[in-house]
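Peer 1: Sequence:
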Amino acid sequence: MDKLNLTDAEWRDRLSPERYHVLREGGTERAFTGKLNSNKADGVYYCAGCGAELFDAEEKYDSGSGWPSFTAPVDIDAVEEIRDASHGMIRTEVRCATCEGHLGHVFPDGPGVNGLRYCMNSASLDFKPREEE
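Numbering of the sequence shown is given in UniProt numbering, commencing with residue 1 and proceeding in unit increments.
Hints are computed from structural coordinates only; laboratory data are not their basis. Wrong hints could be hidden among the right ones.
[Claimed, not checked] Ranges of calculated distance between the beta carbons of each label pair, as one might list FRET restraints:
(1) D8 / G112: 30 to 38 Å
(2) G43 / E100: 32 to 40 Å
(3) G88 / L6: 29 to 37 Å
(4) D75 / E18: 32 to 40 Å
(5) N114 / I90: 29 to 37 Å
Where is the CB? At the ideal position from N, CA and C, for every residue including glycine.
Required output: the full structure, derived from the provided sequences and hints.
Peer 2: Given below as structure tokens:
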């Protein structure tokens, strides 16, 4: 998978201030404020920074956390997981494998077969409805 390496100025030109804060500075949107949290449409979620395919709507569920949550990415190689010891806790950060944009965190309390909850920021994602066949 090819990496997307842009300068800070190029990222600022490409992203809104909110998206820049989340994707490039590791920020977090407030719970229940993201536009994709309550989205129930069928489709695919892409990285808002580079357009890489990340999550399928079939893996999305309502975790009650206030952020879009998924049981798994479309492909384990689509994301990178990094140990995060910030804010006085140990968590696993999830980044886009293509542009290294911060997406959110993964927690071991999900309902799927792997028991994971990929808790993502809406600001880090774009959604495209699945085409009717």
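Peer 1: Would you mind marking each hint as holding or not holding in the structure?
Peer 2: Status of the hints after comparison with the structure:
Between D8 and G112 the beta carbon distance is about 36 Å. The supplied range of 30 to 38 Å therefore holds. Between G43 and E100 the beta carbon distance is about 24 Å. The supplied range of 32 to 40 Å is therefore violated. The beta-carbon spacing between G88 and L6, approximately 32 Å, falls within the hinted interval of 29 to 37 Å. In this structure the hint that D75 and E18 lie 32 to 40 Å apart at CB is violated, the actual value being about 27 Å.
Between N114 and I90, the C-beta spacing of about 19 Å breaks the proposed range 29 to 37 Å.
The structure fails hints 2, 4 and 5 (numbered hints given earlier, in ascending order).
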